[in-house]
Amino acid sequence: MFQATPKTMFIVPADTFDNVKGDFPIGFKIWRTADIEPFNGILSDVYNEKGEAQPQKEIFSYEGLKLINDWTTTFIDDKQESIATIIGIANDFQNQRTVRIERSHRPWNHQYQWQITKYNLIESSIYLAARLVIEATWENDRDQFLYPQETWKNDNIFKTDCLTFAIFTNKNNVQSKDGTNHWQPFTEEELGITNELSDHFMTDYISGKGRPKAIQGNLFDDSQNENSPLVFSEEAKAVFDAGRELWKYYHKQPDADLNAAYYDIRKYFQGTKLDKKGKEVMNSASEDETYTKLHAALRKAHKLLAKKIVPKVYEHGFLR
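Sequential numbering from 0 applies to the sequence shown in numbering that gives the first Met the number 0.
Do not rely on the hints blindly, as some may be mistaken.
[Said to hold, decoys possible] Here are the simulated lysine-lysine pairs, BS3-like style, with alpha carbons at most 30 angstroms apart:
#1 272 x 170
#2 247 x 306
#3 176 x 236
#4 299 x 117
#5 307 x 236
#6 247 x 78
[What the hints assert, rightly or not] For each label pair, taking beta carbons as the anchor points, the in silico distance ranges come out as:
#7 42 x 15: 18 to 28 angstroms
#8 211 x 3: 46 to 56 angstroms
#9 306 x 55: 37 to 47 angstroms
#10 16 x 303: 34 to 44 angstroms
#11 50 x 134: 57 to 67 angstroms
#12 42 x 66: 15 to 25 angstroms
Source of the hints: derived by calculation from the structure; they are not laboratory data.
The beta-carbon is built from N, C-alpha and C at its ideal position, and this holds for glycine as well.
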């Protein structure tokens with residue numbers, strides 16, 4: 000480890016240099032090498048692509064710290080039925096766009112992935128939310144997600160906020176074509192339908208029917224044990240309310256799929272096209288005005304929930 004006293008530093012976007020591509024910072028540092036001491040961090044000046052000064056940023060050393068993917072090893076569950084696969088990535092913001100949930104069990108070219116089960120659903124949801132509620136930018140591209148403090152275990156609302164985020168994020172790519180959709184967030188009664196949905200795992204989990212203790216013990220305190228309904232914040236309830244209206248509208252369609260996931264609902268209304276590589280991709284918008292209005296309301300509520308989660312990511316030590 001390099002040891003010297005940092006005196007000053009500034010960072011700029013990498014793509015301001017000729018022949019450099021990518022959204023990451025390039026830093027310039029001045030060190031006093033006569034003073035030998037471990038580098039723990041420095042408050043860096045920041046300049047944008049126009050050379051304009053931006054708010055300063057703390058640059059930390061992560062030497063000797065455990066990172067978020069060390070944490071995931073504490074709740075890996077390969078013995079119970081999988082409800083989805085979570086695709087992770089290395090511990091920084093770089094390539095953050097690849098973090099997602101899939102239903103398929105096919106092998107992915109990613110080092111960090113695991114099966115989500117009823118025993119690690121909350122931790123997996125926390126991982127996903129912590130990784131995604133903060134936008135990746137050139138400034139934070141190299142920031143590292145850390146092994147959290149123990150405080151998250153006593154924060155029940157944080158847990159259910161993250162679960163809500165995971166259910167309704169557009170990075171939840173569970174699809175009915177890949178098998179049973181275990182992420183149905185509403186009951187037949189809530190949707191006003193008479194036909195039985197293909198699965199009730201998520202609504203049972205939320206209501207307390209058959210929700211197990213987690214691998215690390217009871218995830219909730221005595222007021223919210225495994226047999227009682229989960230308690231949600233007002234922001235999370237708003238997401239469920241907006242989502243319910245969208246799901247109800249979808250299930251009014253004559254060819255609605257009782258196994259449809261959120262991804263399927265979006266695909267149904269937005270349709271698909273072939274990109275330049277010949278790959279089928281979802282259109283970004285729909286011609287159905289009612290869907291567009293309902294989906295916009297859901298995305299707005301979800302964005303407000305994400306904003307609420309952000310300070311908790313720092314409070315519980317996932318980021319510095």
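Which numbered hints does this structure break?
As far as the earlier hints go, 6, 9, 11 are violated by this structure, in ascending order.
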